[in-house]
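S.K.: Chain residues, written in single-letter form:
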Amino acid sequence: GEDVEQSLFLSVREGDSSVINCTYTDSSSTYLYWYKQEPGAGLQLLTYIFSNMDMKQDQRLTVLLNKKDKHLSLRIADTQTGDSAIYFCAERTGGYNKLIFGAGTRLAVHP
Amino acid sequence: GAVVSQHPSWVICKSGTSVKIECRSLDFQATTMFWYRQFPKQSLMLMATSNEGSKATYEQGVEKDKFLINHASLTLSTLTVTSAHPEDSSFYICSARDLGGDRLRSPSTDTQYFGPGTRLTVL
Numbered sequence: 659g660e661d662v663e664q665s666l667f668l669s670v671r672e673g674d675s676s677v678i679n680c681t682y683t684d685s686s687s688t689y690l691y692w693y694k695q696e697p698g699a700g701l702q703l704l705t706y707i708f709s710n711m712d713m714k715q716d717q718r719l720t721v722l723l724n725k726k727d728k729h730l731s732l733r734i735a736d737t738q739t740g741d742s743a744i745y746f747c748a749e750r751t752g753g754y755n756k757l758i759f760g761a762g763t764r765l766a767v768h769p
Numbered sequence: 037g038a039v040v041s042q043h044p045s046w047v048i049c050k051s052g053t054s055v056k057i058e059c060r061s062l063d064f065q066a067t068t069m070f071w072y073r074q075f076p077k078q079s080l081m082l083m084a085t086s087n088e089g090s091k092a093t094y095e096q097g098v099e100k101d102k103f104l105i106n107h108a109s110l111t112l113s114t115l116t117v118t119s120a121h122p123e124d125s126s127f128y129i130c131s132a133r134d135l136g137g138d139r140l141r142s143p144s145t146d147t148q149y150f151g152p153g154t155r156l157t158v159l
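Just so you know, the sequences run in chain order A and B.
By the count of the working numbering, the first sequence reaches residue 769 at its end, each step adding exactly one.
By the count of the working numbering, the second sequence reaches residue 159 at its end, each step adding exactly one.
These are computed hints drawn from the structure, not numbers from a lab.
Treat the hints loosely; a few may be bogus.
Pairs of lysine-lysine residues, derived as BS3-like cross-links and limited to a Cα-Cα distance of at most 25 Å, are as follows [said to hold, decoys possible]: (1) A:K728 x A:K714; (2) A:K694 x B:K102; (3) B:K56 x A:K756; (4) B:K50 x A:K756; (5) A:K725 x A:K694; (6) B:K91 x A:K756; (7) A:K714 x B:K91; (8) A:K756 x B:K102.
It should be emphasised that the depicted structure is a prediction, and the values quoted were computed from it without experimental measurement.
I would like the entire structure built from these sequences, with the hints used as guidance.
M.R.: Structure follows, in structure tokens:
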């Protein structure tokens, strides 16, 4: 079946890089997404990567995709306190615009 | 960018009453909207896919008679929780698929834009 897994918690110091990891099981996934959720709010799309790419960079964000291992990561450079939030990875299942979400990684940024 | 709103943002109701939640795409037309449910510190679980002008498609285990979905126009979908009970208390989030915008900006991303969520508490 379809399953997306993430580590639940990450703590980093302000200014350091954060790396959030995700694994998925559906090899037919076409797109993989990273969403950010702040307390009490909906989800904000941060970035996405197409399954035939292995890297995508967007300002402070770098997405790496290892399709063989079905592993996705999000690197946030120069992490700021405003980056504290829950980060969800999601895969778009093959053939449908249906998103399967991981449990979310809570990122805590401390001084 | 694409904006999705939800109303109300929070609601408290008595057990046995029905609650309607609205999801609107403000600056684009959405032929497809999605309804999710999120429990505290958990992920989003897709409840149903709402297609304009047709019946919603419910995920396995979601009671369609309890969670009524109506997608009457290209910018509005509603979720009605009927005869709500305390176990229905949750954070409900909708998303809308920007098909028209996708064709112009990113033809193949089929991005879903999420609303801010509605917190339902059933007493």
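S.K.: All hints are to be evaluated individually against the structure, with a verdict given for each.
M.R.: Okay, the hints, checked on the actual structure:
Using a Cα cut-off of 25 Å, the hinted pair K728 (chain A) and K714 (chain A) holds, with the two alpha carbons roughly 16 Å apart. Only pairs whose Cα atoms come within 25 Å are accepted, and K694 (chain A) paired with K102 (chain B) is rejected, the gap being roughly 30 Å. With a C-alpha separation of about 24 Å, the suggested pairing of K56 (chain B) with K756 (chain A) holds against the 25 Å cut-off. Restraint check for K50 (chain B) and K756 (chain A): the C-alpha separation of about 33 Å exceeds 25 Å, so the hint is violated.
The hinted pair formed by K725 (chain A) and K694 (chain A) meets the criterion: a straight-line CA distance of about 23 Å does not exceed 25 Å. Distance check on the hinted pair: K91 (chain B) and K756 (chain A) sit about 17 Å apart at the alpha-carbon level, within 25 Å; holds. Simply put, K714 (chain A) and K91 (chain B) have alpha-carbon atoms about 38 Å apart, too far for the 25 Å limit, and the pair is violated. Among the hinted pairs, K756 (chain A) with K102 (chain B) is consistent with the structure: their alpha-carbon atoms are about 22 Å apart, no more than 25 Å.
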